[in-house]
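Protein sequence lines correspond, in order, to chains A and B. Just so we're aligned: the first sequence equals residues 1 to 231 in this note's numbering. Just so we're aligned: the second sequence equals residues 1001 to 1220 in this note's numbering.
Do not take every clue at face value.
Unchecked claim - Taking CB as the label site, the calculated pair distances span:
1. B:Gln1071 x A:Val134: 54 to 62 Å
2. A:Leu2 x B:Gln1158: 38 to 46 Å
3. A:Arg210 x B:Glu1080: 28 to 36 Å
4. B:Arg1125 x A:Leu124: 54 to 62 Å
5. A:Leu124 x B:Ala1038: 29 to 37 Å
6. B:Glu1080 x A:Thr203: 50 to 58 Å
7. B:Arg1008 x A:Gly66: 31 to 39 Å
8. A:Asp132 x B:Pro1086: 47 to 55 Å
9. A:Ile94 x B:Pro1086: 55 to 63 Å
As the list claims (entries may be wrong) - Covered by chain B, according to a simulated footprint, are these stretches of chain A (three or more residues, beta-carbon under 8 Å):
10. 90–100
11. 144–156
Just so you know, these hints were derived from the structure itself, not from any lab. Treat the numbers as computed from the prediction; the structure is a model and nothing was measured. For each residue, glycine too, the CB sits at the ideal point set by N, CA and C.
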Amino acid sequence: MLPLVLIGLATLCLGFGSYYGLFVAPAEHYMGDVQRIMYIHVPTAWNAMLAFTWASVCALMFLFRGTWKWDARLEAAIEVGVMLGLMLCMQGAIWARPTWGVWWDWDPRLTTTAVLLVVFVGILILRQAVDDRVKRATWSSVATVIASVDVPIVYFSVKWWNSLHQMQSTPATVSAAFYLPLRVNAVGVLLLMLGLMIARTRTAELRLRRDLADPLPEPIPLSTLAPRGTE
Amino acid sequence: MQLLAAVRKDVLLQWRSRTRVLAVFVFGATVLLLFSFAVGPNAEALRQHATGFLWLAVLLSSTLTLSETFQSEMEQRALEGLLLLPVSSAALYYAKAIVNWLQLSMLGLSLLPWMVVLYDVSLPRVQAVAGIILLGAAGLSAPGTLYAALVAQARARQTLLPLLLFPLVVPVLLGSVRASALLIAGDPMGQTSAWATLLASFDLIYWSLCGLLFDRVVED
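Please model the entire structure based on the sequences and the hints provided.
Here is the structure:
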């Protein structure tokens, strides 16, 4: 029930924020209407980073505590994070084409997001490739910790290598008409993410419970039911 | 002492299968040759990107070396036997990582003359480039050895290792390529030392982190 409520609230927020952003807020002076994608792009970026940060918290908690609940949360965090990261890259490409004239650019934030996305997709594939549940949980936690440590290093190495990105926007640099839809949408994406994560964590927990349940007794083979003395 | 014994075992293991080491070198040399076909016979462009090609060749060949690391330990459950010995699993990890580092450094160093011949690159500061190769190989081998231990026990190991390792070592690739390119083309801004520091910090972080985490990867 809770995930449904959260996703419902998210729909309301995203509906209002996107309507306001698309039709009420004034067009940006230099970029024009193209800039309106910011109202979904920036909230997606914030929440994607939040999801991946949560994933590394879950991984550390699993390694220290070793309880299944953290494995379920880790699985949910990575899956939702990958979804948000994919959305982020697509929105960014749609925005970059008319603004920068290219779909993609080797900017630190873009490149780091892409690397992060590939790393976490890799961890999801790793989870599929391991049958043993203990190993699957431990290894994906280890890989998540290793990947999280890599994020700042990737960011700074790409920053030294090349740089060109819109300066980060903060409420101080943005007028009120711009940041109302931005904030409403940020809350919307946050609620959507929470709803999806809670639902996904429950699914993962149910799966674990099913897998870890005592195996059913062997069914009695039908041949033993044949009337005796017929052979 | 434990570490020395483990290193000795792994060096011996590599020595007994030295034809494979040679095969990896031949693979790397082939990759270097292929890049020139992708770019075309433009000598200037080839010279400009030579270090990039060298490091991609090392990276691609490294999956062959790394994926074999724990393969022999899986046969007849040798790894389980090793873990039963009164030896810390960190020693086992560092021995594998050191041997991989040596092997990848040798690969990089032996591909260097091949790069000079193919792409007509002059090497004014050979020792410095060799130093960068040692640093870069260390960056590949630390997470590579850990992931090798992990995928050796999983399904689809041929695909998994590069999938997990390549995005992780983006800073190593960037740092090594930039530093060696600057050493070859001249470095008016003095940026080489910054890239070398980046490589050294990556090495330091991952050599310590992976040593800590290895225990969790092999425990049962």
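Hints the structure fails to honour: 1, 4, 6, 8 and 10
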